[in-house]
Each structure stands twice: as structure tokens, then as C-alpha cells.
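Since the structure of chain E is already known, use the hints to place chain L on it.
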Amino acid sequence: MSIEKRNSVRVGGSGAVTVFFAHGFGCDKNMWRLLEPVYGQRYRTVAFDHVGSGTSELSAYDPVKYSSLQGYADDVLEIVNQFGGEKNVFVGHSVSAMIGMLADLKQPGRFAAHLMIGPSPCYINDGDYVGGFNRSDIDGLLEALESNYLGWSSTMAPAIMGAPDQPELSVDLTNSFCRTDPEIAKQFARVTFLSDNRADLPRLETPALIVQCNEDIIAPVAVGEFLHRKLPHSTLAVIDNVGHCPHLSAPSACSVAMDTFLAKEGL
Amino acid sequence: MQEALDNAACGLLQTTADGTFVRVNRLFCQWFGYSADELVGKRRFQDLLTIGGRVFHQTHWAPLLQIQGSISEVKLVMADRAGTPISVVVNALRRTERGVVVHEIAAYIARDRDKYERELLLSRKRLEALVAEATKLQAEANERELFAQQMMGIVSHDLRNPLSTIQTGAVLLARGELSPGQQRLVARISSATDRATRLISDLLDFTQAQLGRGLTVVREAIDLHATVAEAVDDLRLAYAGRKLVHEPVGAGSVQADANRLAQLVGNLVSNAMAYGAPDVPVTVVSKIDDGACSISVHNHGPAIAPDVLPHIFQPMSRGTEVGRASRSVGLGLYIVSEIARAHGGRTSVTSFPDQGTTFTVVLPR
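Residue numbers (the numbering used here), protein chains in the order written: chain E, 1 to 267; chain L, 1 to 365.
Same shape as in the complex, but just chain E (with noise of 0.2 Å):
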């Protein structure tokens, strides 16, 4: 199967730098509806799902690989490899924040920024560390999602009762957008929530920029300012922001933190 196909990738723009987009956990890649035709003006870009969300190819999905953080870094390798030029910059959005360092770490030298929207490298409380939720929070979660409305098959997926404000968007878009296979979902979550990345933040040698938003549940500004701490070469940039997916609820703040970040790295 093409890797365009797996992760249901999508190309866009031009220039010399190719800026990758990663959803996080959640829904797919119309995520990026907003800031993809920004950027597109100057970068190339590379949108893409992971495998299990979105319009992702579904029989690629391996419970086996897609039990850790790893097999998602692994095929972002191999997206950036297939569709990155010289310079490839990521931007990922929550749990891809980390996934985006596996996979640098795992190839160094292959990405010349990260751009982490709401990263976290662990969502669970641990001595001095706060990550924002208990263990029994996430025992919660899971059990909510075993149980509850997070599994949303295509047959449960929330109706649209009509946006006559946005008359643009499109049926394909709403009839994927946050659409996903129970099961794919539960282990999605469990992988996401239950990670732990703590130890790999100081191998990054890439600069990376920390879009830390100042009202988030999932990530904490603590959070932030603790991978500010540990990732060498990193910028923290608090934005005015409630909630978790400032690059939808507050685009132009986030996108002026990251072209300001962007400049700065020459990109």
C-alpha cells in the first residue's frame, strides 16, 4: 500500500521548506483547514492522518505497531522521507508533538524545526512533576471510552444539525472529521494518555518552538514550561487561548508565535 494512501496524505502550496502537519488525538487532519492555506502561500505542505483516524487507510492499522508512540514516529519517518525536501519542518499538535521527536531522534537531522501545539511529554502526575491528570483521571478516560461516546463508529458518528454560518464546508469533510473505529480509538487513547517521553526531551538537538496555550486541560501551562526546561534548544510561547486546539480557536495567535519562530530560525 503507498504511504500517500495509509495516511491518506495531502499535498499543498510551494517553496523550499516543507512544513508537515500532524493531528493530535481527536480527529484528523481538517484540523489544519485553517492554517494549511497560510502556509501554503510560503511552504510547501504535508498533511496527513494517522493510521486509524480520518480517512487513513483502516486495514493498515496494527495493533501490534501502533501499540507505543514508536510506530506512529515510524511512519512519519517514512512520510517525511517520501514527501520532504531539504528542509522539513513539523508541526505537530498534541500527542504528535512527541511522536515528531521519535521520529527525529530516531533519524537526527531530518527536521529542522518542531513547532509542538499543546505538547505534553506525559499526562500523568508524578512526584514533582505535573502533568495535569491523576492516574485515576486516565483510568477514568478509558473507562469512559471502553463505555461511552469517544468511541464514535461511522454509524455513531454526531449528526450536523446545519452550519448556516459556514455554508463552505464541505460533505467529506464533515462526514470524516472526527469519525473513527471504536477499538482504533480506545488504543489510540491509551497509547496517547499513558505515554511517557520525559527521558528522550534532552536528546533533541532540533530547535523547537512550545505553543503552550494559557487555559488547556490536556496540556497544563506547567507542562509547557517543563519541556521548555528540558528540551535544549526550545521556545516557549504562551498564547491567549482556552482550550486545547488554539490552531482552530485561535489561529492567528498561533500562527504569529510560529512565524515569529520560523523567522527566527531562518525557515
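A couple of the hints might just be wrong.
[As the list claims (entries may be wrong)] In silico DSSO-like cross-links for lysine-lysine, where the CA-CA straight-line distance does not exceed 27 Å:
1) E:65 - E:186
2) E:264 - E:186
3) E:87 - E:5
4) E:87 - E:106
5) L:287 - E:186
6) L:125 - E:186
7) E:230 - E:264
8) E:65 - L:136
9) E:186 - L:243
10) E:65 - L:125
11) E:230 - E:87
12) L:243 - L:287
No lab work stands behind these hints: they were computed from the structure.
Structure of chain L alone, referenced to chain E:
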């Protein structure tokens, strides 16, 4: 306006884009044990969610509302003032009111629906566990069967060599000067070895057929009558004292595997000898028609029980209980049908008390 909201049969509320309550109706307040004053401007919709719900709110709800503008029938667990979890089904609409984004939310309590869904999920889980267990057992059984068949193939194959040594020894012994008693003994060794060798080829063929490889046949132009006549001659030696008749009908060449047909005749005759009346001849007819040819073997004697007939070509099935030592393990007729199948032909049987039993194999020419 507020009166209409308060009298609505569902929880109605309006929040800002970040979730802060702007308006909330009486029913929603009643359900969750808060006064409107405690909510409006002070709490956010997501504050009432459980942790799992909040994660969901950020990873699914917010992006969906942002992009789709609305979502409906989302089930969430919210906590009331005392912390008791309550399942609610929620519809939400994002719209702009005087240039400001607001979310209109309608909530319904779904306790019983939630209970029902949990039961459904539970039974699905149980069912999945049962299916997994059955699948595992089936796989184990398949593996054991495969192993047994392979074992049978290996053992049968390895038995051939010592048997061929015995056979050669018997032939060499027969050439020497022997007393009549010794001659009888050597003849018995010889015919017993023949039977064992046939049994082993049956076993090997059976294993091959069961492992899904089917029997190999090499079809070439042969003289059907001569092939059958030769096989019948050999069989007369093996069944000394029994009458065996061969009747050729028609003429022409046939595309078939001569060795396999000899094996087929051997199995059918051996069956007829075992079950037929010992004092009446067994008749083998080889017949050539325009489009097909056939071999049939007839014997007199008791009829095959009607309930056995449909399964008679299955491996390990036997006819009526005949306590004779000459029977193999019940592979003979199965091999016959497999040989017929490999030739593109078919097998049939008729059996009546007054007419006897006839096995017929029809093969394309």
C-alpha cells in the same frame, strides 16, 4: 423569553465561545443542583463535565463545533453539585450574535438510555469473549487435526521401506527349494505384504486429499479394458478361491491414469470381496460409451443399510458390521471417490437385497 426557557422540557443554556454560562434555564439548574447565579458568568460548561468528558470536550467537541458549527446527540457525563455523575445527551449550535460567537446548548438527561446502552455494551463484550474463545478452540482443533494427518503421512511413508524389504525377501525365498508348508507360508507373507502396501497407499492418498492437495492423476490415452483386465488378473491371485469376472463393453481409447484406475478397481473389488456373498462371482464391467466410460463392480449378498448409503464414500465409514479382518480402516471407497473426482468423474452406488450391490464410477473420456 426567560419564562419560555424555564418552562422548556429540556435543559437550555447559552455559553460564550470559551464555555462560560451566559444563560441557563430552570430545568438545567434543577437537574444539576445549582442556581442560575452560581453558573452565569462564574462557571463554564466544561467545568461540569467529568475528567473524561473534559478531555472529550477538548479533543472532539470543540474542534467539531468550530468546524461543523453544530453537533448533536453527543452523550456526556456531567457531575451535579454533589458530584453525582449524570448522563446527558447534548445538542450544540455555534452562532454569532451581534458579532460575538455564542454556543446554544440543549441537554436531555439520559439515565435509562445510558443504562440500556451499558447493558448492550456489556453483552457485546461477553459475546466477543465467547467468540474469541470459540475461535481459539477451533484453531487448536485444526492444528491438532493437521498434525495428526501429517503424522499419518509420515508414518505411512516410512512403513513402505521395511515392507518392501519383506516383499523382496518373500520373492527370493519362493525361488528356493521349499516344502509345501514353507511355500504356503511364503505365499501368505507375500499376500499379507501386498495388503499392507495397498493400505499404506490408501493412507497416503487419504492424507494428501485431506490436506487439501487432492490426489495427483496423470491422464493419458490408455486401453481401459486392458488396464481393468490386468488389475482383475492380479486380484484373482490375491483372492484365490473366489470367482472374479471381467466384462468389457464397447471400444475406444480413454484419457485416464492407468495406475489410479487399477487402484480404484482394487479397492472396489476388495470391498465386494469383504461384503459380498462368498459363493457368488463378483463382476467387474468396464464400459466405453460415446462421451464417457465407466467401471462398475457388482456383488451379491446383503444390501447396504439405507442410512449408510449417503455417507458410504466418506472416509472412515463402513458398511454393515462384518467382523472380517480383511477390511482396511474404511478409506477404500473414499479413495475411489477421490480418484474419480481427480479425473472429473463421479461415483454412485445402488444396493438391493435381491439384486446385490453395484458401485459405479463414471469418468469423462
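Q: Determine which of the earlier numbered hints do not hold for this structure and return their numbers in increasing order.
A: When the structure is compared with the hints, numbers 2, 5, 9 turn out to be violated.
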